[in-house]
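What follows is the residue order along each chain.
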Amino acid sequence: MSLTKTERAIIVSMWGKISTQADAIGTETLERLFLSHPQTKTYFPHFDLHAGSAQLRAHGSKVVAAVGDAVKSIDNIAGALARLSELHAYILRVDPVNFKLLSHCLLVTVAARFPADFTAEAHAAWDKFLSVVSSVLTEKYR
Amino acid sequence: MVHFTAEEKAIITSLWGKVNVEEAGGEALGRLLVVYPWTQRFFDNFGNLSSASAIMGNPKVKAHGKKVLTSLGEAIKNMDDLKGTFAHLSELHCDRLHVDPENFKLLGNELVIVLAKYFGKEFTPQVQAAWQKMVAGVSIALAHKYH
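Protein chains in written order, with full-length UniProt numbering: chain A, 1 to 142; chain B, 1 to 147.
Okay, chain B solo, but in the shape it has when bound (with noise of 0.2 Å):
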């Protein structure tokens, strides 16, 4: 079970308050369908994902990152108890969207690289360091409930 120091949890509030959730959703879930193109077999209904453009610029794939990082959004709110948040959607994600955890990884570090574009030097080695934490917390708890 990941455990934050208060310090962390500071870091990690404090660059979430300056996040655009739309821009920063769209661009890591879009970064990761472009980077790991194998990661489309879940979006078969997204509609034109021919190449980096097509993605990026998707509607379909802006609106479905907003609601991946709303969620997340949530859980920062929680980040005592990420397992007990995510239980819900843990059970969807193994159950019926059928989705390797290996994904929550790969989009992890996708939003980590997103957010050193966003913030370039503020983006410290500190605060990547808590923020890939973080994800790596909501990777183990989206999992937790996989059988």
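In isolation and in its complexed conformation, chain A is listed as follows (with noise of 0.2 Å):
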């Protein structure tokens, strides 16, 4: 599954909204996840999950952060989260199941807060790259 033009190019847009409120986006993204889904709970045993935790801050920061980094290098995810498919296959093991949801939860979060910009096909090219992130995470599991 590859990204074409068109795509990229509606990704690499979005991204620029997202990113003035990346780290609110982040915090809210794991929120919803947490609330939603909370078997995902179980992979956060050693953090404060009340909402406005410092920990659940800096987490979604961080996983944001990531997105970003793979949208600034659209042309090659794998090599951009090179590290990070390491740590998931070797250190995190988090179930491969698990990225749709946070993937969900995060579509969720920018359908809120740009409801305008979010159209059908903002919508399925976000939910196509997130889905080539997720591959890329899981590549090393086995």
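Please note that a few of the clues may not be correct.
Said to hold, decoys possible - As a list, the in silico SDA-like pairs of lysine to any residue whose alpha-carbon atoms are at most 25 Å apart: (1) 121(B) <-> 63(A); (2) 133(B) <-> 97(A); (3) 121(B) <-> 116(A); (4) 128(A) <-> 135(B); (5) 105(B) <-> 96(A); (6) 100(A) <-> 120(B); (7) 18(B) <-> 120(A); (8) 121(B) <-> 114(A).
Claimed, not checked - Rough simulated footprint, nothing fancy, chain A against chain B, three-plus residues with beta-carbon under 8 Å: (9) 31-41; (10) 109-117; (11) 123-131.
Just so you know, these hints were derived from the structure itself, not from any lab.
Heads up, the beta-carbon is just placed ideally off N, CA and C, and yes, glycines get one too.
Please dock the two separately framed chains into a single complex, following the hints provided.
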């Protein structure tokens, strides 16, 4: 699955908006994930996951920043996320099903914050992009 | 079986009261067909599905989306018995329509995203959680009679 030129343009353009609220979007995405899919909290027994917690905010920022890195190297996402790919494969070992859940919650957050920009085309491009990111992050699992 | 708290029921019914079923149905079904193009396999007779704008403007997509969401509206009145409410539709989707239940989950999530788009800040994480439970319950109910 590879991204077309049109999709890349849409993704980069939308990132322009997302990056203006990156930290808040990261935090909100995780809040949505933990509330809608409580089983995902099992990966964070060491975190204070209450709304507004410093750890939640820090981790949210980290996640969205990594998405940003993928956007900035959209022609070579595997290269940009190589280190993270190894981290997820050998250390974190998050079950692959959870990447879909996180991606969904990020899209919900973006749809809520940028309704006019989140057209069907933008939605499709971002869903595909996050799917590519998820594949990269799980490609060394076995 | 999905069990809804009184609070969750209130959240769901309250938001539903503000939803334009025709518009939301068309948006949700349209986005399903755009974002996951393989779902078009069920709609060979819908005419022009050749682009995102063709799909989103297609009158058959809008009409069918409205039908689907109207059915969901009925379910919201019977949240304690989703399996009973959808028993007949479940048989239909299995025996006549041959729809993989995975598609119910996909459509459910598209609806959640459309609600987020319409309601913005009001679609808080807590509201989303209640609705995720709703669409999950509906998906399970629609798959329940499969054999």
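Flag every earlier hint the structure violates by its number, smallest first.
Structure breaks no hint.
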